[in-house]
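Enquirer: Here is what each chain is made of, one letter per residue.
Number of protein chains: 4
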Amino acid sequence: MGFHDECGVVGIYGAENSARLAYFGLAALQHRGQESAGIAVSDGKKINLRKDLGLVSEVFDSSHFENLNGSIALGHVRYATAGGRTIENAQPFLNTFKFGTIALAHNGQLVNHGEIRTRLEDLGSTFSSTSDSEVILKLIVRKLVDGKKNDTDSLCSDGLEKAVVDAAGEIKGSFSLCIMTEDCLIGVRDPNGIRPLCLGRIVPKENCPGVLGGDPLGEGGAVKDAGGLNPGGRLSPTYIIASESCAIDAVNGEFVRDIEPGEIVVIKNGELRTYSCEKKNKATCVFEYVYFARPDSVIDGIAVQDARYRMGEVLARESSVDADVVVGVPDSGIGAALGYSRATGIPYVTGIVKNKYIGRTFIAPTQSERESMVFVKLNALKTDLDGKRVVVIDDSIVRGTTSRRLVQILRRAGAREVHFRVSSPPVKFPCHLGIDTPSKSELISSTHELEEIRKEIGADSLAFISIDGMMSALRMCRAESDGFCGGCFCGRYPV
Amino acid sequence: MGFHDECGVVGIYGAENSARLAYFGLAALQHRGQESAGIAVSDGKKINLRKDLGLVSEVFDSSHFENLNGSIALGHVRYATAGGRTIENAQPFLNTFKFGTIALAHNGQLVNHGEIRTRLEDLGSTFSSTSDSEVILKLIVRKLVDGKKNDTDSLCSDGLEKAVVDAAGEIKGSFSLCIMTEDCLIGVRDPNGIRPLCLGRIVPKENCPGVLGGDPLGEGGAVKDAGGLNPGGRLSPTYIIASESCAIDAVNGEFVRDIEPGEIVVIKNGELRTYSCEKKNKATCVFEYVYFARPDSVIDGIAVQDARYRMGEVLARESSVDADVVVGVPDSGIGAALGYSRATGIPYVTGIVKNKYIGRTFIAPTQSERESMVFVKLNALKTDLDGKRVVVIDDSIVRGTTSRRLVQILRRAGAREVHFRVSSPPVKFPCHLGIDTPSKSELISSTHELEEIRKEIGADSLAFISIDGMMSALRMCRAESDGFCGGCFCGRYPV
Amino acid sequence: MGFHDECGVVGIYGAENSARLAYFGLAALQHRGQESAGIAVSDGKKINLRKDLGLVSEVFDSSHFENLNGSIALGHVRYATAGGRTIENAQPFLNTFKFGTIALAHNGQLVNHGEIRTRLEDLGSTFSSTSDSEVILKLIVRKLVDGKKNDTDSLCSDGLEKAVVDAAGEIKGSFSLCIMTEDCLIGVRDPNGIRPLCLGRIVPKENCPGVLGGDPLGEGGAVKDAGGLNPGGRLSPTYIIASESCAIDAVNGEFVRDIEPGEIVVIKNGELRTYSCEKKNKATCVFEYVYFARPDSVIDGIAVQDARYRMGEVLARESSVDADVVVGVPDSGIGAALGYSRATGIPYVTGIVKNKYIGRTFIAPTQSERESMVFVKLNALKTDLDGKRVVVIDDSIVRGTTSRRLVQILRRAGAREVHFRVSSPPVKFPCHLGIDTPSKSELISSTHELEEIRKEIGADSLAFISIDGMMSALRMCRAESDGFCGGCFCGRYPV
Amino acid sequence: MGFHDECGVVGIYGAENSARLAYFGLAALQHRGQESAGIAVSDGKKINLRKDLGLVSEVFDSSHFENLNGSIALGHVRYATAGGRTIENAQPFLNTFKFGTIALAHNGQLVNHGEIRTRLEDLGSTFSSTSDSEVILKLIVRKLVDGKKNDTDSLCSDGLEKAVVDAAGEIKGSFSLCIMTEDCLIGVRDPNGIRPLCLGRIVPKENCPGVLGGDPLGEGGAVKDAGGLNPGGRLSPTYIIASESCAIDAVNGEFVRDIEPGEIVVIKNGELRTYSCEKKNKATCVFEYVYFARPDSVIDGIAVQDARYRMGEVLARESSVDADVVVGVPDSGIGAALGYSRATGIPYVTGIVKNKYIGRTFIAPTQSERESMVFVKLNALKTDLDGKRVVVIDDSIVRGTTSRRLVQILRRAGAREVHFRVSSPPVKFPCHLGIDTPSKSELISSTHELEEIRKEIGADSLAFISIDGMMSALRMCRAESDGFCGGCFCGRYPV
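Chains as they are written, first to last, in our numbering: chain A, 39 to 533; chain B, 39 to 533; chain C, 39 to 533; chain D, 39 to 533.
A portion of the hints provided could be inaccurate.
Note that identical chains are pooled: a pair holds if it fits in a single copy or bridges any two copies.
Computed cross-link-like contacts, DMTMM-like style, restricted to lysine to aspartate or glutamate with a CA-CA straight-line distance of at most 20 Å [what the hints assert, rightly or not]:
#1 K84 - E159
#2 K83 - E126
#3 K200 - D160
#4 K181 - E159
#5 K317 - E518
#6 K394 - D99
#7 K392 - D369
#8 K84 - E220
#9 K84 - E54
#10 K394 - E96
#11 K318 - D90
#12 K394 - D369
#13 K306 - E54
#14 K317 - D204
#15 K306 - D81
#16 K83 - E159
#17 K83 - D369
#18 K306 - D296
Keep in mind that the hints were calculated from the coordinates and are not lab data.
Go ahead and model the full structure; you've got the sequences and the hints to work with.
Expert: Below, the structure is given as structure tokens:
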């Protein structure tokens with residue numbers, strides 16, 4: 039469908055160098071998308087925007103920040119889906135309309151954008167991209183304009199907030215949104231909370247001079263008296279909304295809390311208000327824990343790395359094997375490997391290294407070169423593996439191709455036995471909520487039995503964590519035991 | 039002096055797609071230098087060259103390979119020393135002279151290039167860079183021309199080989215060289231073997247179809263009948279010479295052996311010959327094991343990761359501490375942390391993650407932003423550290439600035455105690471043999487006592503591995519116990 | 039107000055390589071705008087777009103044309119107004135809406151876009167730029183959607199045509215538009231015909247082999263059976279709509295006729311239909327003849343170069359002077375200089391040359407360097423001028439700065455007397471219809487008397503053509519004597 | 039042979055902003071070469087260099103000038119010969135050697151560089167390009183080193199000057215050189231004076247405030263007390279050496295004189311000295327006058343435009359024709375057309391315009407598109423030509439292809455008769471002295487009779503100026519009647 043949108047969003051409110059804080063935050067979220075990057079900034083009157091294809095560090099140079107002044111900023115990084123590399127789909131989207139300007143950044147994927155788009159088109163709306171995110175932006179504007187048709191007032195916050203709440207109630211699917219106008223920043227998370235979104239703040243710390251102190255990120259980086267009046271001399275904090283808590287850490291901020299499923303957080307005049315659209319069962323995407331999020335992030339009360347340790351432990355219990363060493367496939371398989379080692383006592387070794395310089399622009403013109411690229415990307419350590427019985431833990435098997443190569447690399451390094459363990463259940467159904475999975479016919483677990491897959495990838499044994507096992511692993515991390523979407527395993531989606 | 043030259047070199051002999059193999063090899067060596075990259079290729083008659091500032095993936099796109107045809111290739115990546123980012127110093131250096139064309143790539147640093155340059159200038163040599171590597175190239179050419187002054191022959195291999203052997207005997211310092219002419223490839227390692235250099239080959243494997251089989255890297259990637267005559271129908275192998283064995287793995291080759299200190303390896307007409315210049319005591323740079331080389335490389339019989347495990351083990355014995363978890367500073371501190379954990383039984387946890395997208399072009403215009411960059415580069419995992427007594431292992435302390443930030447980050451994540459352990463001895467002397475160290479006055483271990491350093495970085499305890507301990511760690515990895523340069527610890531250099 | 043829009047537009051209908059024909063046409067119109075360039079192409083189902091800042095030759099390389107397939111194309115080049123260099127304002131604008139996709143390219147400037155924008159915003163429209171051109175696009179869409187609200191049909195041409203006709207009747211100002219949908223191309227010219235727009239076709243010429251023959255511009259460049267049915271086997275021509283006839287020549291087409299003021303030309307199903315919105319008095323901008331258009335273009339029946347010759351002739355009669363040579367300031371002053379020479383018998387000499395390589399990216403960091411840039415841009419020929427009494431003809435004097443430098447350059451080359459003649463009347467009022475003129479206070483003719491200006495620029499004598507003289511010159515070129523806008527001379531505008 | 043070197047050189051001595059003056063000078067010489075551009079600058083101690091492929095305005099941006107400080111500068115633009123677009127051949131060439139650093143920029147082509155290169159290679163010289171210009175640089179260095187072998191002095195000017203004089207006496211061919219060391223600037227012109235080179239100065243004019251005054255080009259642009267001691271308070275002038283006098287005009291300098299054939303001009307310590315190598319018969323390339331040089335330049339006492347007028351006049355006398363209008367092919371045919379008109383009384387009209395935006399990067403992927411490019415590059419004015427008998431003057435016919443297209447374009451614009459006149463004699467022999475001509479078999483005048491060529495290009499009549507006529511035209515411009523190379527017409531070369 040072309041709407042896969044594994045992305046990262048960040049919003050900053052109340053810092054003079056908000057664009058650069060957004061830049062730092064986006065850098066921390068770069069793993070969520072490498073196709074395009076963009077930052078919109080408001081100086082209170084006007085919103086300026088810079089976006090382009092490329093990594094955060096490629097899209098922005100010093101000169102761009104000269105035009106990105108203001109205390110409210112919005113940033114977005116976008117995932118590189120095949121074929122869709124066009125500047126038109128880069129975010130944030132920015133639109134000027136009757137009451138001002140609005141910019142929006144979206145992580146997620148709608149399931150009913152088609153019908154909403156049709157409805158908006160019936161009312162005369164136009165679109166400049168194929169993105170479902172633009173549909174959300176136009177829907178909000180439409181609601182704003184309709185809600186104030188006979189009104190001569192300028193944009194009052196009530197109107198905007200109502201429009202966003204109403205829009206959030208209409209769209210279906212996964213959506214974590216950051217929205218800004220000239221004077222406010224809004225965070226929205228879908229009623230199931232499928233994609234993560236969290237809130238932080240950067241507080242001046244007078245008693246802690248130096249880098250952790252009052253001005254963590256440059257000239258006036260910390261604090262801005264956003265609302266004019268600060269009774270009692272209290273300083274307003276700088277707020278940050280981000281896809282993952284690691285972005286809050288990157289600007290030396292403090293994690294406050296997750297945005298709740300169905301919650302709308304509005305920051306305006308230096309104050310934060312919260313609204314709810316219809317709340318549904320929480321259904322956070324388990325793949326955020328399995329491989330998508332950074333290990334140093336905490337999502338909905340579960341530390342990502344902790345979840346990975348636990349999955350490894352459960353996997354160890356479910357499918358132990360007599361072996362000499364445990365290795366994890368970098369980067370996201372390492373946590374589960376450590377957990378597996380911890381649970382079994384089999385020593386964890388590095389075993390595999392990944393070349394971090396192989397990016398989008400690395401070339402391999404011929405087919406056989408593309409196939410051989412795996413040797414450039416991954417290598418195994420003979421010192422860890424030679425003559426050993428090896429348990430290797432990967433986060434998932436999708437098509438099986440990479441897994442087969444991986445087994446070859448391990449054997450090339452002398453592994454006597456290769457026992458393949460997967461820290462997520464078999465992926466049998468494509469995701470319609472934002473993860474870039476191939477069609478059902480390309481999912482090896484959808485078309486092959488376990489033993490067939492084992493043969494295909496050339497391992498001595500193969501086991502996936504069970505769905506129950508995965509849930510129990512997550513339960514170990516958080517008291518509240520439910521609330522995950524595992525649609526790709528079982529075919530039942532929350533939306 | 040501006041000649042710091044921590045670089046990577048790779049040479050390919052006997053593959054039709056030699057330039058692309060060199061490209062893959064350079065990608066594997068990218069960690070050794072990110073300033074510039076270059077590849078020279080010979081088609082037997084003419085050597086073409088492409089080099090520029092930037093990463094391997096930035097310097098080359100598909101169009102460049104259209105002009106890089108031939109079966110012998112030479113590649114180089116160069117380290118980004120401050121201020122010296124100029125295209126003039128990019129390698130390989132290429133010169134045409136009386137008997138043909140010669141290209142040279144160098145990893146290391148000479149100590150007597152000044153006097154040789156003066157001598158060559160007296161004879162009329164000209165230079166287009168400030169690089170000591172260009173001095174080596176001109177010296178070889180001078181010896182070649184002098185050696186054959188009254189000769190009407192074209193370049194005979196004896197002449198070239200003699201010239202290289204003579205030149206290698208004259209230059210002092212650290213040098214691992216790859217040299218090519220129109221029809222041969224040469225590898226040279228300095229008499230002390232300070233920088234690594236090794237030999238591999240890519241052998242067609244008829245009995246192993248698929249990716250590991252006969253044509254590992256594309257159309258004709260594997261084998262070329264280089265010498266015309268192959269008695270008995272035996273196929274000539276493709277040879278590869280590289281700074282580290284990980285580059286051999288990247289082209290799916292087989293490691294053959296290290297080039298010996300003082301050895302000159304010449305590959306010509308499909309055959310490999312070896313020569314020696316004066317051999318001295320082996321003195322491999324210990325920092326190759328500590329942090330410079332990739333963990334999957336094997337240097338002089340010691341697997342780099344194994345060395346790191348052992349250093350961690352020795353460190354554990356030398357300076358154990360009561361703690362709850364062990365963490366390693368990525369990427370090179372992880373091996374020692376695993377070793378420390380293994381020796382003490384204190385659990386290893388991930389603890390710290392590093393943002394792999396922060397490169398040369400990431401901007402931080404203000405001073406306080408540059409200081410805050412550490413929060414973007416590194417983050418700690420509360421789930422691993424909160425309330426814990428933490429042992430953190432880094433590979434070295436140079437100026438101390440980064441270490442101080444690191445301790446702050448760990449404490450921010452809740453570490454109750456931070457015990458800083460360093461897997462190399464205190465660096466008290468600048469390196470004159472290729473490692474980019476600051477002047478003595480900036481080396482914190484040169485100007486401060488241990489307890490002062492501990493206070494400065496804010497750790498609860500601090501310990502370095504001892505020089506003897508480091509040597510014993512290396513001894514555990516290899517029978518032969520001597521042969522390392524630790525000049526930066528003790529001030530005694532092999533040259 | 040920042041809406042200055044001296045631009046060039048081109049539309050191609052019915053050629054397989056329509057995007058490349060548009061590219062060639064834009065190259066011919068490059069003099070009308072160097073800030074940005076863009077081409078949209080329809081393959082019948084989908085419209086693809088490429089636009090960016092820069093010259094036509096900078097914005098497009100071969101790879102872009104791989105994604106620009108289809109037989110209908112729309113191109114735009116935009117003028118570089120100071121400060122407004124943003125990708126957001128680059129054209130064509132492209133919007134998808136209820137009934138399909140529409141792209142628009144605009145040359146001109148509206149005077150009532152503010153009120154229309156407000157009206158559209160009241161109805162919920164959003165904008166992604168500050169351009170008045172985007173307002174036109176949204177207005178058309180709005181009319182389309184409103185006109186077919188209760189309709190279940192897909193976009194019928196009647197609807198589109200009616201919408202465009204209605205929109206053209208509502209907007210006020212200068213506008214030459216090229217519009218395309220998936221299956222049609224439309225040209226619109228404002229009721230006063232202020233900016234030029236003309237129609238051409240590319241006809242296969244079977245009886246003329248060679249370059250002028252059937253396939254003038256490549257594989258299928260000439261002819262496409264656009265409508266399916268071609269009674270009598272007649273081939274459909276390829277149509278071209280362009281700002282100036284020189285773009286028709288550039289694709290080896292035939293000029294058909296000017297689009298009439300207030301005319302809407304619709305090309306669809308291989309047929310051309312024409313509509314009218316309210317027609318007003320023709321008021322073509324005289325500056326198109328004076329300097330804006332290319333000398334090889336013909337606008338509204340007047341060959342631009344012919345107009346310039348005539349202006350020179352009239353100027354000669356109005357303000358003759360005893361002199362030795364006549365020179366014209368390149369490029370647009372040359373025609374008038376030739377006319378002046380012809381009328382007076384004073385020999386025409388080259389006298390001044392202009393450096394054609396000085397573009398947007400030429401740098402002159404300091405103020406005095408910027409002032410000295412005139413010596414790099416223009417130079418005088420001593421051989422033509424030394425010791426001579428010189429008549430120099432320029433097309434206009436705006437601020438007077440350039441004229442003063444020019445006189446200095448002529449004197450430096452030895453001119454004994456410099457008689458400055460201007461082929462347009464004094465510019466006393468800013469233009470609100472698309473020409474980039476400064477505010478009234480900066481217009482030297484608005485603030486200074488003739489003699490003051492003469493002193494200011496340092497000429498021995500100074501004369502402008504009179505308004506009547508200019509009109510009589512244009513009358514010489516075309517029977518129909520009226521129909522020009524000279525608002526900048528007299529302050530009376532047609533709109 | 040690949041050594042075609044129609045280039046432009048400029049040298050600046052004694053201005054603080056010498057690099058920017060060189061930049062302005064190169065911009066004025068851009069017509070001499072568009073492949074690459076480079077500037078070397080000395081601050082008295084060190085020479086910095088920036089060069090790259092591209093136009094002057096593309097190669098340099100503001101940031102580059104931050105590293106180009108100093109009062110002596112050397113600039114070069116290089117012609118785009120097919121296939122040879124490599125950074126290796128970009129100039130200036132810069133070499134460091136025994137006594138310092140030397141940079142060289144060359145316009146011309148040697149005929150004996152092969153033997154000199156061999157000789158230098160025998161002595162051990164190495165080369166990094168295939169350029170004959172690098173051979174000159176190495177030859178000078180060799181002479182310098184040899185001349186001072188037993189000398190312990192640093193580089194004394196005598197040595198350098200002697201070396202340059204000796205080298206200039208050894209190399210054969212065409213060469214206009216600009217050479218610089220840390221503290222001096224040298225201009226060299228070959229003994230035949232085949233390529234132009236001239237000297238100018240920029241004098242502070244205290245009595246002329248404003249732009250023409252003391253500081254014409256910025257902070258300290260004008261004057262620098264180069265020699266320390268200026269007895270009597272006289273200010274030292276800034277010197278400029280350039281390929282053409284138009285570059286002197288571009289920096290608002292004063293033309294002093296041509297460098298004489300065989301002359302070496304050395305500027306050092308604020309003083310100018312002159313030397314001679316063996317002087318031969320002057321043999322300036324006539325094509326400099328015909329089309330290569332800018333019309334506003336004066337070469338060897340002949341104003342280029344004056345020469346073109348005269349050629350037109352002679353052509354008129356030699357081959358008059360009954361016609362209605364005369365047109366010149368831009369840019370270099372215009373002068374001759376004006377002369378033809380003047381001599382015959384047939385009115386000169388513009389007739390043809392050239393699109394100045396069509397450069398190196400303009401794309402035309404298919405063959406027929408490339409052929410049609412002529413319509414994009416050139417257009418004819420119907421208003422000037424329709425129904426007329428046209429004399430069209432071009433500067434030369436080489437292969438004939440362009441001429442044929444030109445005739446077609448004229449006829450397309452309605453020309454009733456096309457009489458083709460050429461302001462240079464038939465080119466029958468390739469040039470070995472720097473003009474980029476094809477091989478003899480591709481020269482249409484070498485393989486076809488006049489009438490055959492006329493038919494081939496489709497003209498109604500065709501005539502070339504005679505060799506004698508051309509010489510008489512040049513004689514009209516300068517008393518001294520001899521001294522031109524016309525080897526391409528008659529096959530007799532001065533070298």
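Enquirer: Indicate, hint by hint, whether the structure satisfies it.
Expert: Here's how the hints hold up against the structure:
Proximity of K84 and E159 under a CA criterion of 20 Å is satisfied inter-copy only: 17 Å between copies versus 27 Å inside one chain copy. Taking CA atoms no more than 20 Å apart as the test, K83 paired with E126 passes between copies only; the shortest distance there is 18 Å, against 25 Å inside one copy. Taking the shortest alpha-carbon separations for K200 and D160, only the inter-copy value of 18 Å comes in at or below 20 Å, while the best intra-copy value is 22 Å. Taking the shortest alpha-carbon separations for K181 and E159, both the intra-copy value of 14 Å and the inter-copy value of 12 Å come in at or below 20 Å.
Within a single copy, K317 and E518 get their C-alpha atoms as close as 17 Å, which meets the 20 Å cut-off; across copies the closest is 68 Å, which misses it. Within a single copy, K394 and D99 get their C-alpha atoms only as close as 22 Å, which misses the 20 Å cut-off; across copies the closest is 19 Å, which meets it. For the homomeric pair K392 and D369, the shortest alpha-carbon distances inside one copy (8 Å) and between copies (11 Å) are both at most 20 Å. Taking the closest pair of Cα atoms, K84 and E220 come within 20 Å of each other only inside a single copy of the chain (6 Å); across copies the shortest separation is 35 Å, beyond that limit.
For the homomeric pair K84 and E54, the shortest alpha-carbon distance inside one copy (15 Å) is at most 20 Å, but the shortest distance between copies (43 Å) is not. In this assembly of identical chains, the alpha carbons of K394 and E96 lie at most 20 Å apart whether taken from the same copy (17 Å) or from different copies (14 Å). Proximity of K318 and D90 under a CA criterion of 20 Å is satisfied in neither setting, with 36 Å inside one chain copy and 44 Å between copies. When the C-alpha separation of K394 and D369 is checked against a cutoff of 20 Å, the pair qualifies both within a copy, at 10 Å, and between copies, at 11 Å.
When the C-alpha separation of K306 and E54 is checked against a cutoff of 20 Å, the pair qualifies only within one copy, where the shortest distance is 15 Å, while the shortest distance between copies is 54 Å. In this homomeric assembly, K317 and D204 come within 20 Å of each other (Cα to Cα) only inside a single copy, at 13 Å, whereas the closest approach across copies is 47 Å. Within a single copy, K306 and D81 get their C-alpha atoms as close as 14 Å, which meets the 20 Å cut-off; across copies the closest is 47 Å, which misses it. In this assembly of identical chains, the alpha carbons of K83 and E159 lie at most 20 Å apart only when taken from different copies (18 Å versus 29 Å within one copy).
With identical chains, the CA atoms of K83 and D369 are never at most 20 Å apart, being 43 Å at best within one copy and 43 Å at best between copies. Taking identical chains as interchangeable, the C-alpha atoms of K306 and D296 lie at most 20 Å apart only when both belong to the same chain, with a minimum of 19 Å there against 55 Å between chains.
Of the numbered hints stated above, those contradicted by the structure are hints 11 and 17, listed in ascending order.
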